[in-house]
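With chain Z's structure known, arrange chain E on it following the hints.
There are 2 protein chains.
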Amino acid sequence: MFSERIERLQGSLVREILAVANQPDMISFAGGLPAPEAMPKLDFTGLPDNLSQYGPSEGEKWLREAVAAEMNKNGVRVTADNILILTGSQQGLDLSAKLFVDEGTPVLVEAPTFLAAVQCYSLYGAKFVEVGLTPNGPDLDELERKIKTEKPRFAYLIPTFQNPSGVCYNEAARQRVAELFDEHNVILLEDEPYRELVYDKCDREPICARLQKAPWIHFGTFSKTAIPGLRVAYLACDDRLMPYLYKLKQAADLHTNRQGQWAMHKLLTSAEYPEHISRLRNFYHQKRDIMAKALDRHFHDLADWTVPPGGLFFWLTLKSKIDSYALLEPALERKVAFMPGKPFYATSRVSSDMRLNFSHASAEKIDEGVEILADVIRKHIKALG
Amino acid sequence: MFSERIERLQGSLVREILAVANQPDMISFAGGLPAPEAMPKLDFTGLPDNLSQYGPSEGEKWLREAVAAEMNKNGVRVTADNILILTGSQQGLDLSAKLFVDEGTPVLVEAPTFLAAVQCYSLYGAKFVEVGLTPNGPDLDELERKIKTEKPRFAYLIPTFQNPSGVCYNEAARQRVAELFDEHNVILLEDEPYRELVYDKCDREPICARLQKAPWIHFGTFSKTAIPGLRVAYLACDDRLMPYLYKLKQAADLHTNRQGQWAMHKLLTSAEYPEHISRLRNFYHQKRDIMAKALDRHFHDLADWTVPPGGLFFWLTLKSKIDSYALLEPALERKVAFMPGKPFYATSRVSSDMRLNFSHASAEKIDEGVEILADVIRKHIKALG
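Protein chains in written order, with the numbering used here: chain Z, 1 to 385; chain E, 1001 to 1385.
Since the hints were derived computationally from the structure, they do not count as laboratory data. Values in this document were obtained by computation on a predicted structure and should not be read as measured data. Errors might be hidden in some of the hints.
Stated by the list, open to error - Interface residues of chain Z toward chain E, partial, derived using beta-carbon atoms under 8 Å:
| hint | residue |
| --- | --- |
| 1 | SER3 |
| 2 | SER57 |
| 3 | ASP94 |
| 4 | GLN119 |
| 5 | LEU245 |
| 6 | LEU254 |
A virtual CB, placed ideally from N, CA and C, is assigned to each residue, including glycine.
If we strip away everything but chain Z, and leave its shape as in the complex, we get (with noise of 0.2 Å):
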C-alpha cells in the first residue's frame, strides 16, 4: 500500500528521547533545545494587516534582504535573489534531498553527522560516504580519496560547530575542502546553525565563500538563537540552483508563514538584537565551561573529550568500549538523558560515543547529572566484568 521510500522511512531517536525527557524532573543533556530563559521575547505589536494573505513562495524580501545583509557580513557575497526562507532548516533537508537524491545516488557526509540529515537523506535512498572527523575538521587525505573513488553528488557538512562532535574546521581544512570540491564539481552543502553560538576564537568564514565553481547551498536558521518554534531558517544558494529550489519550496508548503517572518525581522534589525546575541554567547559560553568542569571531575578516567569552541555540545568517546545505546535505559531510570551515538553514524555500527547538551539543563543540575552519569556508566562496566 505505501511507496517504496516507507521501508527507508525512520523516526528520531533525539524526539522520542525527548519526549521523555520533557519530564519535570528530568535532566536532559540529550535535546539541542536552547534554554527559554535565553531567547528573546516575541512582539507582535504592529504586524501589518496585509500579512494576513497569501504571501511570496521565496519569502518577504525584508528578510530575505537582512540575512544576505548578514551573510555578505560572514564574506558570502550574495543578494537578496540569493535567499530562500525556509520553514526551518529542516526543510532545508527535505528540499537538497528532492533537487539531488535518487535511489544510490552517493552523499558524502561527516562521521558523525547531523541525525536529521541522515533520516532525511536516507527516506530519499541515498547512499552515504562517510569521512572521518579530527579535531581541525575532516581526514583530508580520506576525503580526496573517497571523492575520487565513490565520486559523491554532494557533500553535507558543517564545518562550524559540528553536531554533534563540536569540532569547527580550521582555515586551512575549510581553504583544502573548497579546493577539493572545485576541482571535483563535488556540490557543497554546508549546514551552519551554530555559528553564532562562539565562544573561543575559530575560524568561522563559510566554505560556500571560498568556492570559484562548485554549486552551493547554505544553510541557516534562527532557531539556535532566537526562537525556535518559528520555524523561520533561510537557505543561500548559487544562482544556478535558485530557480529549483524556488519550485520545490513553493510544492512543499507554498510558504513559509509571514508572520513568523516579519517577527524575526523586527528581532534581527532590532537596536538591541547585537546585545541579545552577545548576551547568549556569554550564558551559554558559563555553561559550556561549567559542564567543562563537570566532566574534568567525573569523567576524566572514562572518556576522551575536547573542549567545543562553540556550539551547543559535547562528545564524548568512551574508553571502555562499550556501547553507549546501552547506557539510555539505566541513565533515564536515574532521570538524566543524553544522546548515544550510534544515531549520529550514517552507517549502522558500535558507537561508544555520548553527546552531551550544555544549553538545557541549568546550571545546578549540570554537575548533578554529569554525576550521575559516571555513575552509571561505572556500574554498567563493573556489572559487564
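Using the frame of chain Z, we list chain E on its own:
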C-alpha cells in the same frame, strides 16, 4: 547534477499569473485568494512565552482537539490522535505523495482537478488516471471501470465545491464512491478546503465518514476561511496511516509554527468565529451572485456553466472550441486575469475551459472584468475567422 525527479518539476502557472495579477490596476479572477476585507483580525495578545521553544511534530494538542471536535460535528468520528497539523494544506499533498507515490504509481484524480496536486504528485512520478465530472460528482461508471482496470493506489478527490469545477458531489455519489473504495481497497485522499464556503443547500458529509474499510486521509485548512498567511492547516486520517504521516511531517519541517497555531486556535474557539463564518458566507454569496449576473449578461452566447453552490470559482466551457490558453495574453493586456483550463487537467490536452474566481475582485470590478473578458473572446474568435 540533479535527481531524476527534477525533470518532472513544474512551476505553478497560478503563481506566475498571480505575480502579474498583483498589479494594482489589474482585475484578477485568477487566484483562489480570499478577500482581505473578509479576513478576521489576528490578535497575538496573550501569546504564551513557552511556545517559543521547539514544539511537537503532530501539532499543539489544543488545536488538534478543536479540529477533531469540528470534524465530529461533520460526521467524521476521530479524536485528536487522528489529527496532524500541517504547514498549509500544500504540505498534505507533499506528505501523501511521499507516503504513496513511486515512479509509475497509478493515482486517480478528477478531470479537471486541483493543479497543485497534479504538480506535487507528478514530481514523485505519479501516473494519472482521470475520471470525468458531472454536475453531481464523478462519472460513476467511468470511476468503477477505471478502478478495476487501472488499479489506482489512491484517489485524490475534492468532493465539496471542487476546485476548479465548483461541483459538489450529491449524497448518492458520495455513498457510491465510498462503496467502490471499500470494495476495491482504494485509499481515499479527500481535500476539502472550501467546505465552509457554502451558499446553497447541498450534501457535504465527508466521504471518509462513510468508509468501512478503505484507508483515508482528509485535508482541511484555515486558509480559505481565516488567515492564509499563517500557513496552518491539518489532516485527519485513520489510525493505520498516522504513524507514517507523523514521521514524514517530522522529516519535512519538524513542526508547524506554534505562534500561528495559537493565533488560529484563539480565533477558532472565540465567541465571534461562527459570526465571522456566517458573514464570510454572505459576503462571498453576494459576490457569486454578482458574477452569475455578469456572466448571464456577457457570456450567455459564449459559454456554458453551472452556478456553484459554494467555493470560490465559476468554471466556464466555451461554446466555440478555442484554446482558452490563447486568451490569457490578450486578457492580461486588457488588465484582466483568469485561469485557462489546461493546467487543471492531469494529462496534457487543449482546453476551452476557463476558471473565474469571484472572491477577490471588488463587486464593482466583477462586471467590468467579465465584460472585458467577453470582448477579448469575441475579438479572438473573429480574428480566427
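Here is how each hint holds up against the structure:
Hint status for Z:SER3 relative to chain E: holds, with the closest Cβ pair at about 5 Å, below 8 Å. At a threshold of 8 Å, the smallest CB-CB gap from Z:SER57 to chain E is about 7 Å, leaving the interface hint in force. For Z:ASP94, the interface hint holds, since its Cβ comes within 8 Å of a Cβ in chain E; the closest pair sits about 5 Å apart. Of the supplied interface hints, the one on Z:GLN119 holds, with its beta-carbon coming within about 6 Å of a beta-carbon of chain E, less than 8 Å.
With a cut of 8 Å, the hint placing Z:LEU245 at the interface with chain E is violated, because the nearest CB-to-CB distance is about 10 Å. With 8 Å as the threshold, the beta carbon of Z:LEU254 comes within range of chain E, its nearest partner Cβ sitting at about 5 Å, so the hint holds.
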